[in-house]
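Single-letter residue listing:
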Amino acid sequence: MSENLQENDGTLKQMDEVLCFSRLISYETFRNFVWANPRATFEEACKGTGVGSKCTACLLNAQEFYLECQKNRPDGFKGMQESNLPSFRFGKADLYRLIDKFSPKAPFLLKGVIPTFGGENIKTTLRIANSVFDPLGPKSPTFRLEIECRDHDGRILDEHDLVLPPYERFDLNVSDQLTGGAEGILTGSCRVKMSALKPGYRGSIRPHFTVETPCGATALHSQGGGKYKPNPMITRMTNAEESQCISLVNCEDVRADVSIRIHQKGKTIEAIEHSAAPFAASMVEIGTPAVRQACKDGAVFVELNSTARVRPHMVVRYGTPPRLSLDHM
Amino acid sequence: MHAGRHGYTIPLISLAPPEPYALSQSLPLDGLASLLSVTSTTLQVERYVIRNGENVIHDVSELVLNDGKWSGNGMDFNIDSIDDDTGGWATGNDLAYLETHIAITGEGYFPDLVGASFYTVYWGPQWKTFYNDSRLKYADPPTIIQVAAHAKWIDGYPASLIDPSTDSDKSVVVVNPYFAPISVQIFLEGFEKPTRLKVPPQSGKRIALSSILESLGHSENSSWCGQVYVSGKNRAVVFYADHSLRDPSKITTLEHGDAYRGELTHEPVSLRVRRSIGDAVRA
Numbered sequence: 041m042s043e044n045l046q047e048n049d050g051t052l053k054q055m056d057e058v059l060c061f062s063r064l065i066s067y068e069t070f071r072n073f074v075w076a077n078p079r080a081t082f083e084e085a086c087k088g089t090g091v092g093s094k095c096t097a098c099l100l101n102a103q104e105f106y107l108e109c110q111k112n113r114p115d116g117f118k119g120m121q122e123s124n125l126p127s128f129r130f131g132k133a134d135l136y137r138l139i140d141k142f143s144p145k146a147p148f149l150l151k152g153v154i155p156t157f158g159g160e161n162i163k164t165t166l167r168i169a170n171s172v173f174d175p176l177g178p179k180s181p182t183f184r185l186e187i188e189c190r191d192h193d194g195r196i197l198d199e200h201d202l203v204l205p206p207y208e209r210f211d212l213n214v215s216d217q218l219t220g221g222a223e224g225i226l227t228g229s230c231r232v233k234m235s236a237l238k239p240g241y242r243g244s245i246r247p248h249f250t251v252e253t254p255c256g257a258t259a260l261h262s263q264g265g266g267k268y269k270p271n272p273m274i275t276r277m278t279n280a281e282e283s284q285c286i287s288l289v290n291c292e293d294v295r296a297d298v299s300i301r302i303h304q305k306g307k308t309i310e311a312i313e314h315s316a317a318p319f320a321a322s323m324v325e326i327g328t329p330a331v332r333q334a335c336k337d338g339a340v341f342v343e344l345n346s347t348a349r350v351r352p353h354m355v356v357r358y359g360t361p362p363r364l365s366l367d368h369m
Numbered sequence: 533m534h535a536g537r538h539g540y541t542i543p544l545i546s547l548a549p550p551e552p553y554a555l556s557q558s559l560p561l562d563g564l565a566s567l568l569s570v571t572s573t574t575l576q577v578e579r580y581v582i583r584n585g586e587n588v589i590h591d592v593s594e595l596v597l598n599d600g601k602w603s604g605n606g607m608d609f610n611i612d613s614i615d616d617d618t619g620g621w622a623t624g625n626d627l628a629y630l631e632t633h634i635a636i637t638g639e640g641y642f643p644d645l646v647g648a649s650f651y652t653v654y655w656g657p658q659w660k661t662f663y664n665d666s667r668l669k670y671a672d673p674p675t676i677i678q679v680a681a682h683a684k685w686i687d688g689y690p691a692s693l694i695d696p697s698t699d700s701d702k703s704v705v706v707v708n709p710y711f712a713p714i715s716v717q718i719f720l721e722g723f724e725k726p727t728r729l730k731v732p733p734q735s736g737k738r739i740a741l742s743s744i745l746e747s748l749g750h751s752e753n754s755s756w757c758g759q760v761y762v763s764g765k766n767r768a769v770v771f772y773a774d775h776s777l778r779d780p781s782k783i784t785t786l787e788h789g790d791a792y793r794g795e796l797t798h799e800p801v802s803l804r805v806r807r808s809i810g811d812a813v814r815a
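So the sequence lines, in the order shown, correspond to chains V and C.
Take any residue in the first sequence, count from 1 to its spot, add 40: that is its number in our numbering.
Take any residue in the second sequence, count from 1 to its spot, add 532: that is its number in our numbering.
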């Protein structure tokens, strides 16, 4: 790319003066627009100048610069003449925006599912933090949390209903009540529903969980919904002391028939069928001799298809007592 | 948010394999095919392993899609660690990272800038396997929304656990894939004073929370659990690694952070009604 770029109005700019490379719009042009239109929102400034409308890579920089321009606008700035300014047409989107501005607000219902693990030397803790970033101050409101813990068969073990104000966190041991499972680990699941008691920002409220053993800890965030066809997961197994399983939580009130296909370069190495009762939590070992042999040549892919929505995780156990990790698929 | 006609997808950043691990990356070809506007085209896959501003490895390969069938050598990428005595995971300085670029060199386009998401796997015959969910190099939607809402970039992890009794430690891994140096501040729940970390251009650094806690006067024999925040004037790509306290090379997991979200907790009822009507009509 040449050091001097020609902006759309014919003037030449140095590379470091350019804000939007896709449209070749300079910082100066964007700044002049914001100063000439002090009531324009960031979206309107982008729409009026064309910044960020092609590859969007500059949007973060443009956003910061927009805020700076707003703060540093000189009094009495005249800038572009009225006749040169792009005209705003009041369209359907603007009408909806006006209606939404005065409409009452309703909270989103945020949902998350986590697998839980227990047994000898394994402890799972659900952790929900309504943390505050001190330089910003509290931006998230108080949330209502509804938590439901189930065992490996999908039966309800425990329920909680509480509120979590800013600055507070809620930690819950969810493995003590587990009774059944597979592959030497007790399994279960937790469902969390959250809604804010008044409008604000979501902040750090997303539920996380930690799984601890005598040899270490792992942490992961919850995910909502469940999928019929999760993304394929790459893996490799070259260590005899390691086992790899898929943890499956059935998110629905119907039986889930799950097909697991492990393949390498399009060739199926292993095909495993598994059935999960409604809301059940189970583990399926995937480190078969055929898979381990294939891993000597390279990575393999693990793909799932399910007749009901499931939340799967890749579980890796190493050593005894195990170091254990989870990754969502 | 990133809809249009694009000849490439936003580059992805992963950590290069720390010593003594190896790295394997395989592109999810079915997922990639579903993102393209055509069933036949050619793609160029470029992978850079960058350390301290230098392209240590630059791999260029091709993928050919012909009527829905893939060929070419761009799918797989395998490398060993390039850590050495001068830097890497052990010292926490001069970490290398992997940058993956996918661009169309033939017909068609990507309707969305955000491409197929995929993991990278780290493995070894004597070590525990772990995975890395790659991060967008730029134009990350949660970051854009966050800066719009809070005028700040804030990454973090709410469930950070340090426990000597279970040999548990956590490291903040900051990758700076950009051309200017960046400075971040690391805040730990319960402590007022942040820790500053400067990361040179096109480089990475790792800092263990146990060492931060020690510098803040926390007893090295007691555990700590809480929120970590990482913030700075410019966005960095941040990962959080759970590993052994005694031996940081024993990595349990490598996870992405959780932004301090700028998404709203409420929405206008009128918008919800319109969306329900739209969903019902589409169904």
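Simulated from the structure, these hints should not be mistaken for lab results.
Hints may contain errors.
Which residues of chain C face chain V? A partial, calculated answer using Cβ under 8 Å [as the list claims (entries may be wrong)]:
no., residue
1, Pro560
2, Val653
3, Pro657
4, Thr675
5, Glu721
6, Lys725
7, Thr727
8, Thr784
9, Glu799
10, Ser808
Simulated pairs of lysine-lysine, BS3-like, Cα-Cα distance not exceeding 25 Å [stated by the list, open to error]:
no., chain 1, residue 1, chain 2, residue 2
11, V, Lys87, C, Lys684
12, C, Lys601, C, Lys684
13, C, Lys725, V, Lys336
14, V, Lys305, C, Lys684
15, V, Lys233, V, Lys151
16, C, Lys765, V, Lys179
17, V, Lys111, C, Lys601
18, V, Lys145, V, Lys233
19, V, Lys163, V, Lys111
20, V, Lys145, V, Lys179
21, C, Lys601, V, Lys179
22, V, Lys269, V, Lys307
23, V, Lys238, C, Lys782
24, V, Lys163, C, Lys782
25, V, Lys179, V, Lys233
26, V, Lys179, C, Lys782
Since the model is a prediction, treat every value here as computed from it, not as a measurement.
For glycine and all other residues, C-beta sits at the position ideal for the given N, C-alpha and C.
Here is how each hint holds up against the structure:
Annotation: interface hint on C:Pro560 holds; nearest CB of chain V at approximately 5 Å, less than 8 Å. About 5 Å separates the beta-carbon of C:Val653 from the nearest beta-carbon of chain V, less than 8 Å, and the hint is met. At about 5 Å, the closest approach between the beta carbon of C:Pro657 and any beta carbon in chain V falls short of 8 Å, and the interface hint on this residue holds. Given the 8 Å rule on beta carbons, the hint for C:Thr675 holds: about 6 Å separates it from the nearest Cβ of chain V.
Below 8 Å, beta-carbon pairs count as interface contacts, and C:Glu721 has one with chain V at about 7 Å; its hint therefore holds. The closest approach between the C-beta of C:Lys725 and any C-beta of chain V is roughly 11 Å, which is over the 8 Å cut-off, so the hint fails. This hint is violated: C:Thr727 has a C-beta 14 Å from the nearest C-beta of chain V, more than the 8 Å allowed. For C:Thr784, the interface hint holds, since its Cβ comes within 8 Å of a Cβ in chain V; the closest pair sits about 5 Å apart.
With its C-beta approaching chain V no nearer than about 6 Å, C:Glu799 sits inside the 8 Å limit, and its interface hint holds. Interface restraint check: C:Ser808 against chain V, minimum CB-CB distance 12 Å, threshold 8 Å, status violated. Note on V:Lys87 and C:Lys684: the hinted pairing holds, with a Cα-Cα distance of about 23 Å set against a maximum of 25 Å. Distance restraint check for C:Lys601 and C:Lys684: the Cα-Cα separation of roughly 44 Å exceeds the 25 Å cut-off, and the hinted pair is therefore not satisfied.
For the given pair, C:Lys725 sits about 48 Å from V:Lys336 by alpha-carbon distance, which is inconsistent with the 25 Å threshold. A C-alpha spacing of about 43 Å is found between V:Lys305 and C:Lys684, which places the hinted pair above 25 Å, so the restraint is violated. With a C-alpha separation of about 5 Å, the suggested pairing of V:Lys233 with V:Lys151 holds against the 25 Å cut-off. A hinted pair counts as satisfied when its Cα atoms are at most 25 Å apart, and C:Lys765 with V:Lys179 qualifies at roughly 19 Å.
Proposed proximity of V:Lys111 and C:Lys601 is contradicted: the alpha carbons are some 54 Å apart, above 25 Å. Using a Cα cut-off of 25 Å, the hinted pair V:Lys145 and V:Lys233 holds, with the two alpha carbons roughly 19 Å apart. The hinted pair formed by V:Lys163 and V:Lys111 fails the criterion: a straight-line CA distance of about 50 Å is larger than 25 Å. Pair hint V:Lys145 plus V:Lys179 holds up; C-alpha atoms about 17 Å apart against a cutoff of 25 Å.
Simply put, C:Lys601 and V:Lys179 have alpha-carbon atoms about 50 Å apart, too far for the 25 Å limit, and the pair is violated. Restraint check: the Cα-Cα separation between V:Lys269 and V:Lys307 comes to about 19 Å, which is no more than 25 Å; the hinted pair holds. Between the alpha carbons of V:Lys238 and C:Lys782 the distance comes to roughly 44 Å, so the proposed pair goes past 25 Å and is violated. Simply put, V:Lys163 and C:Lys782 have alpha-carbon atoms about 20 Å apart, close enough for the 25 Å limit, and the pair holds.
Straight-line distance between C-alpha atoms of V:Lys179 and V:Lys233 comes to about 20 Å, which keeps the hinted pair within the 25 Å bound. Note on V:Lys179 and C:Lys782: the hinted pairing is violated, with a Cα-Cα distance of about 37 Å set against a maximum of 25 Å.
Against the hints set out earlier in the document, violations occur for numbers 6, 7, 10, 12, 13, 14, 17, 19, 21, 23 and 26.
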